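Novice: Chains as they are written, first to last, in the working numbering: chain A, 1 to 301; chain B, 1001 to 1396; chain C, 2001 to 2182.
Where hints are given, some of them may not hold.
What the hints assert, rightly or not - Covered by chain B, per the in silico footprint, the following chain C stretches (three or more residues, Cβ under 8 Å): (1) 2004-2012; (2) 2025-2032.
Said to hold, decoys possible - With a cut-off of at most 20 Å between alpha-carbon atoms, the simulated DMTMM-like pairs for lysine to aspartate or glutamate come out as follows: (3) K282/A - E1264/B; (4) K104/A - D2147/C; (5) K2039/C - E204/A; (6) K282/A - D1225/B; (7) K2039/C - E196/A; (8) K282/A - E1263/B; (9) K2129/C - D2048/C; (10) K2149/C - E162/A; (11) K2150/C - E156/A; (12) K93/A - D2147/C; (13) K104/A - E2080/C; (14) K282/A - E1265/B.
As the list claims (entries may be wrong) - Sample of chain A residues lacking proximity to chain B, with all beta carbon distances greater than 12 Å (derived): (15) E162; (16) A215; (17) R272; (18) A274; (19) T301.
Hints listed in this document are in silico derivations from the structure and should not be mistaken for laboratory results.
Predicted model only: the values in this text are computed from it and were never measured.
Built from N, CA and C at the ideal position, the CB exists for glycine as well.
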Amino acid sequence: MSLFELPILPTLGAAAAGGCASGGCASGGCGTGGCGTPSAERTSENSRREFLKTATTLTLGAMSLTLLPGVTAGDDMLPLPPPGGEGHVPAAKPMYGFLIDTTKCIGAGKCLTACRVENSVPDGQSRTWVERYVHYKDGRVEVDLVPETGYAGSGEVQPAAEDVLQAYFVPKLCNQCVDAPCNQVCPVHASIKSPEGIELVDTERCIGCGYCVQACPYGIRFMNHDTGVADKCNWCYHRVMRNEQPACVEACPTGARVFGRIDDPDSEISKRLATVPTNVLKQHLGTLPLTRYVGLTDEVT
Amino acid sequence: MEFHALHDAPFIFPNDAHPAWSIMIVLYPYITGMVAGAFVVSTMYHVFHREALRPVAHLAVVTSLCLGACATLPLLLHLHQPLRAFNVVATPSPTSAMAGFGFIYSFYMLVLLVDVWLIFRPAIVERAATATGAWRGVYRALALGVVEITPRAAEIDRRLVYALSVIGIPAACVLHGYVGFLFGAIKANPWWSTSMMPVIFLTSAIVSGIAVLTLLYLFLCQRSDIEPDAECVRSLSRLLWMFLLLAVVFEAIDILHVAYEREEEWHVIRALLSTKLRFSYLTLQVVIGSILPLLLLPLPAFSGRLGAGFRHSIAGVCAVLVLVQVAAMRWNVVVGGQLFSKSFRGFVEYPVDWFGREGLLAAAVVLAMPMVLLWGAMQILPVWPPSPESESGAKS
Amino acid sequence: MTSFNDTRHLWALGACLAAVGLVGMVVRREMVPDDFGTKGPYRASALDDIAAQPSLFQADATCHACHASVEHERAGKSHETVSCAHCHGLAVDHVAMARRGAEDPTVTLPPAAEWDGDFLTKADLYISKDRATCLSCHEAVVGMPADFKKIDVALHLEEQGASEPLSRETCFECHGGHDTAP
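The following block holds chain A by itself, in its conformation from the complex (with noise of 0.2 Å):
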């Protein structure tokens, strides 16, 4: 059962993810496993990593600290739901997850328009973009931008459609990577893993160096123009406290976004999990983000 306990699970790929993602494997695994008491296993594992943490900042010396990450902040929390099975009870702290599924998305740009009104984004800065793919006959893939109201009216020459192999939308979004390259580098303890998994800023607290915008390799972190210190998506954590969706889901037209609580078993982001194929961002750089992607290709960095 500790095998899926894991955070190492996401980073199995698409194989791992979509046989077991959130409640199938899992709880068969529990079945015969007897896990039948997660809360146990879960205070052993924050007392060790308590002690791990009360050990590391006993360390001198940053430096030293550096070469610790992995053990303060990896094992923070499962990415993934814990096994649910019967009378399954979701976790006072609650998990969340997000789902972009690429074969939904019409590529309309609702959802840019939306967070940008919703968070106050600056023009020319992004919390949320949507790519485009192109895979040609030729064998160019060419990418591109979706217009923040859409191609339609942009005036944006359309490739021709007999030279296009395949074509699809790509959303982006903070990927409120469970190991957070982000967070990590911030000095001054402005960038905060909020206690249920997202990401945020503390604008009080930024000094604006921009390491964290150096350090994410997704390139969703940015100076905001506006008022000098780091932004980025927060999965809308002012909404989301609210038991609202994010502003981009609400927005979708097509259901491309699903968000919702992981750990409970009868959301719709947990049953898709459970059903669909899901792969990450950039899995080589093991920072367990909590977006999972539907229909992700190579060609997607």
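Fit chains B and C to the known structure of chain A by using the hints.
Specialist: Just chains B and C, lined up with the frame of chain A:
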């Protein structure tokens, strides 16, 4: 990722269009490197007893202090919230490489400050007795009110200077190795992410420190109409040649390794080196800054036949070339790492302004500041010209 | 032997450094927020500060609370997942006033404005039956999923035998609004 995509169908992530780090972040490791390098030169005399370096030993440690005093300037100019700068020491994050700066820098500056104070205490005490008017007060304050030196106190100070110099060597290594780690530990960026980075930064730091001292020494000799000490210039040139060789070898190993393995990141780096960094890397850093001085430096370093004037001119020229090399290296790392998008599918324009907080003029002022401080230090302390008595006074 | 006179300068130095260190520690104490570290390695109240940000984008449930008939009209139809805000704006003011109106009958809601071409950016309420609203999703674009209804306007109108000039509400006339037929 296709190589041609970088040119034929570029795509950059929207937030990558505005690089987060300006030329101030180029200056920061440049100045910090000279701090560490200049100190290493002083320890060559104080700890490793290279007698030939006596004329520059005190100049080195004061130069290091003056550079160090300005090392935070580019950072403050860069921070978007400079008034919150002290958050770095108020609530430092143990997992952040950057948070270490406050402590490492403070410790190093403390060592340097006490070192300089002890070295120059005899001079301060002497002036406190002979100076008149306001200066008398200044020197008394600099002496912290203790205006006598017993023979036993002088002996204690000599030992302390030795001890501080010894402590200063690892401190200087940590200070600059850490700056390299700051870049080398960013896995998001293939141009930065290499375990060689701290080593490369450290060796090039020592190189820049030796170069800046060679230049300062030759310049000050010329200004004061003193004949440069031939053995001193020779010794500096030898050190410069050796450490430059090390720096270039480490840099070459790093790039050759990536180039030979030809993993994903090489496609980005190759494109970078063949376009955006072609001049600053291949021309400036490799040819003009590395190969040329490596070929020229043996003349002042090892030749016994050439005239002193010629050898010293070559040493000066090489010092300039090496300073160009290190500046180019800092530029290529800091700016080069921001010239491509993390989509690995397109290049980013890097804006350099003349004016503003992070403009070229501000950068020029930042670079001039340590020299202004050094001039000031030379007015109140006998840093220059080197006098044989005071030099031997602080030697263990 | 070493006397105090020999180390007096070092004691003076030590005192100076201790004073600087003490001032530094006091300043540092002042700079650390009171609630720092109480929940985790961060300023705890930052969570509340961030959570206090107002929600602008109205969930459909907010609209349906008053407009129950619309919910029924849309139920099970192809556009059920399309947010009200697409065709009606964010309606922030509208919702706020409606909530006040529930308690104070003198508050009356202003009429909906005419749509002026912007999607999702208006804080007030509008009603758009403009075909641009429909085409903002349905105009055929390379990359759309195969099973998504893509419209090549010229071709579609030709098939339907429509003639120029088209009215703004061309789509709406055939396909309707809340109960959009395929």
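Novice: Would you mind marking each hint as holding or not holding in the structure?
Specialist: Going through the hints against the structure:
1. 2004-2012: holds (count 7)
2. 2025-2032: holds (count 4)
3. K282/A - E1264/B: holds (12 Å)
4. K104/A - D2147/C: holds (9 Å)
5. K2039/C - E204/A: holds (17 Å)
6. K282/A - D1225/B: Between K282/A and D1225/B the Cα gap is close to 62 Å, so the pair fails against 20 Å, i.e. violated.
7. K2039/C - E196/A: Cα-Cα ~12 Å, so holds.
8. K282/A - E1263/B: holds (15 Å)
9. K2129/C - D2048/C: At roughly 40 Å apart (the allowed maximum being 20 Å), D2048/C and K2129/C break the hint.
10. K2149/C - E162/A: Roughly 19 Å separates the two Cα atoms, so the pair holds.
11. K2150/C - E156/A: Distance ~17 Å between K2150/C and E156/A Cα, so the pair holds.
12. K93/A - D2147/C: Violated, because 39 Å separates the two Cα atoms, which is more than 20 Å.
13. K104/A - E2080/C: Given that 20 Å is the threshold and the Cα spacing comes to 15 Å, the pair holds.
14. K282/A - E1265/B: Given that 20 Å is the threshold and the Cα spacing comes to 13 Å, the pair holds.
15. E162: holds (19 Å)
16. A215: Not fine: 6 Å to the nearest Cβ puts A215/A too close to chain B.
17. R272: It holds; R272/A is separated from chain B by about 26 Å at its closest Cβ, greater than 12 Å.
18. A274: holds (31 Å)
19. T301: The assertion about T301/A is violated, with a minimum of 5 Å to chain B.
Violation of the numbered hints given earlier is confined to hints 6, 9, 12, 16 and 19; the remaining hints are satisfied by the structure.
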